[in-house]
Each structure stands twice: as C-alpha cells, then as structure tokens.
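J.: So the chains spell out like this:
Number of protein chains: 2
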Amino acid sequence: MRILGIDPGSRATGYGILEKEGNRLRHIDNGAIFTRSGDEIPQRLETIHSHLCRIIDQYRPQAMAVEQIFLSKNALSALKLGHARGAAILAGVNVGLAVHEYTAMQVKSAVAGYGRADKRQVQEMVRILMNLPEIAQEDASDALAVAICHAHSCGLNNRLESALARQR
Amino acid sequence: MRILGIDPGSRATGYGILEKEGNRLRHIDNGAIFTRSGDEIPQRLETIHSHLCRIIDQYRPQAMAVEQIFLSKNALSALKLGHARGAAILAGVNVGLAVHEYTAMQVKSAVAGYGRADKRQVQEMVRILMNLPEIAQEDASDALAVAICHAHSCGLNNRLESALARQR
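Protein chains in written order, with my numbering: chain W, 2 to 169; chain C, 2 to 169.
What the hints contain is simulated information worked out from the structure, not anything from laboratory work.
In this text the structure is predicted, and so the values were computed from the model without any measurement.
Mixed in with the good hints there might be a few duds.
All copies of an identical chain are treated as equivalent in the list; a pair is satisfied when it fits inside any one copy or across any two copies.
List of simulated lysine to aspartate or glutamate pairs, DMTMM-like, C-alpha gap at most 20 angstroms [stated by the list, open to error]:
1) Lys81 <-> Glu47
2) Lys81 <-> Glu102
3) Lys81 <-> Asp30
4) Lys21 <-> Asp58
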C-alpha cells in the first residue's frame, strides 16, 4: 500500500510518500511545497492544492495521513493553518482518498517509540526508517513521520482483524 | 457582472449570488450548505467544496467575495473556520475566479452605510437591497452582504478609473 503523509502549513507544506510492503516500509519521495511570501491566501491555497494534486496523480497513493491539530499559538495562526490544511485534505478527498488523522503523540510513538520524543529524535528516526542519506527537510520529514504512523496503524488493524477472523 | 459571496463555516457555509447591472443589483440566489454533525473534517470539506463547485458551475459568477477574518473566539474554532474557508476559496480559485476579501467593517459600511451596524440591521438592509420577501437564512444573508460589498467596491473602482482616464 502506498501512503501519502502531509504536514500542511501556510508557508511550507511537507509531503512524504512511502510504500508499505507487508511489514516493510520503503521510501518513495519527499519534499516541501513553498508558497510565495507576497501571495494572498487564495494563491497560496491554489499552490498547495495544485501541487498536491500533481503529486497524487504521479504517485497514486491509496491513503493520506495528516497530523491532527489540537492547539496553536494563537487564533490567527490557527486560521492560516486551517486554510492550508483544508486545501491539502481536499486534494486527497477529491480523488476519493481516505484521509486519516493522527495526533502528534501517536506520530511520535509510532516513529520514535515514545510520545514525548523531541523533534530531532523523530527526524533522525524518520531518516533511519526511510533509509535516507540525511535528514529530510523538516516539513517533509514530519510528513514522512505521519505516513509511517499510518503504516503502523493500519498494519496493527490488519493484524487485529486477522486475529479476530481466526477466532470466529 | 455576476458576484458570488461566501460566508464560510465548518457547520454552515452561506452563499449568495447577485448580478450587478450598471449601478443596480439584482438578487439571483442564496442559500446555506450544511455539513453533517457526525462527519469528520475531510467529509465536511468535501461537502462544502463540491456543493460550491456545483453552484459556480450553475451560475457562472465572474468574481467571488469572502469576508476577511481577523479574530476568532479561540485557536480551535479559528482552525475549523480556516478549513472551511480554504475549501470554499479553492472552489473559486480552481476555476480561475478572482477572490476578493473584505473586512467585516467594509461589508457593514457597504450594506448599511455604517461600519458598526448591528447584525439585524445588516440583515434587514440585505433584504431591502436584494428585494427579498423576508430576511434570508443568516449565513446566506452574510454571504449576500459580502457580495454587495464587492459590487459597490468594484463600482467605485470603475468610476475612479473612468475619472482618471478622462483626466489623461
């Protein structure tokens, strides 16, 4: 299964694509979409959305994963993040992708085995798990982290379903 | 010129379409898109976006107007509003519509002639200006208000440009 992880942001939206083959994960691509600082909101959303649509079209993921946001510094930054997140999620929903949300703690637990791991530890674990020569750009790394989280989560769900099926 | 006004919200997104013919405004349609309370964010965004795409396809507006948001009760509600606003704006941007933003004070001034007019006064003025038999649903009324604001604003710009052209 191919998973697209997204770390949306008004200035930079990270994306990461990985392939889950049985219990193994394989890195496919990662990167960040930068919006132009002079652009108004509509243009920024168009940049994020159209770029993600092209990535989805190129890599044909079967699922999309995005971090769930609970808190933000302030209402204005939350509003800006919401715009970007809406544009990113729509790129997936519009082509029928299931969109899964995970909390920051779920992502950190899945990647670093510890829900309170620091940013650098998570980035290093993403690098190791994805077999990258160096740490990815930070938004791209966060996007890969949430994709890894989804891969683990659906792996667990599949094993749970198989175990339950065997019991029946 | 046909203008689509939008009042985005996570639960209800109002829309209003009017036709500006010279200095006259003519009401075309208004309504509200309600998302289902049990739905997750991706489904809500899909509802808002796809419904607006259909409305744009049906009425073919030449411009879109949306209220600019500066403050919100808290970060979480700002995030939710941002999602809905992003989905709504994208419906316009994706078909090449110019999206214009106006502050609440600009909208109130344009509709009621007074930037601190209260909600009920604005609704009643929208009803009168649009020649409606009764006050529209509140989100739809707010959407018509921002469309009226854009109609006035581009009317002013046109007159300014004509005046400047005559001076040359």
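J.: Now tell me if each hint is right for this structure.
T.: Against the structure, the hints:
In this homomeric assembly, Lys81 and Glu47 come within 20 angstroms of each other (Cα to Cα) both inside a single copy, at 14 angstroms, and across copies, at 19 angstroms. With identical chains, the CA atoms of Lys81 and Glu102 are at most 20 angstroms apart both within one copy (19 angstroms) and between copies (14 angstroms). In the homo-oligomer, the alpha carbons of Lys81 and Asp30 never lie at most 20 angstroms apart, since the shortest distance is 26 angstroms inside one protomer and 30 angstroms across protomers. Taking the shortest Cα distances, Lys21 and Asp58 sit within 20 angstroms of each other inside one copy (19 angstroms), while across copies they are farther apart (39 angstroms).
Going through the hint list in order, the structure does not satisfy hint 3, though it satisfies all others.
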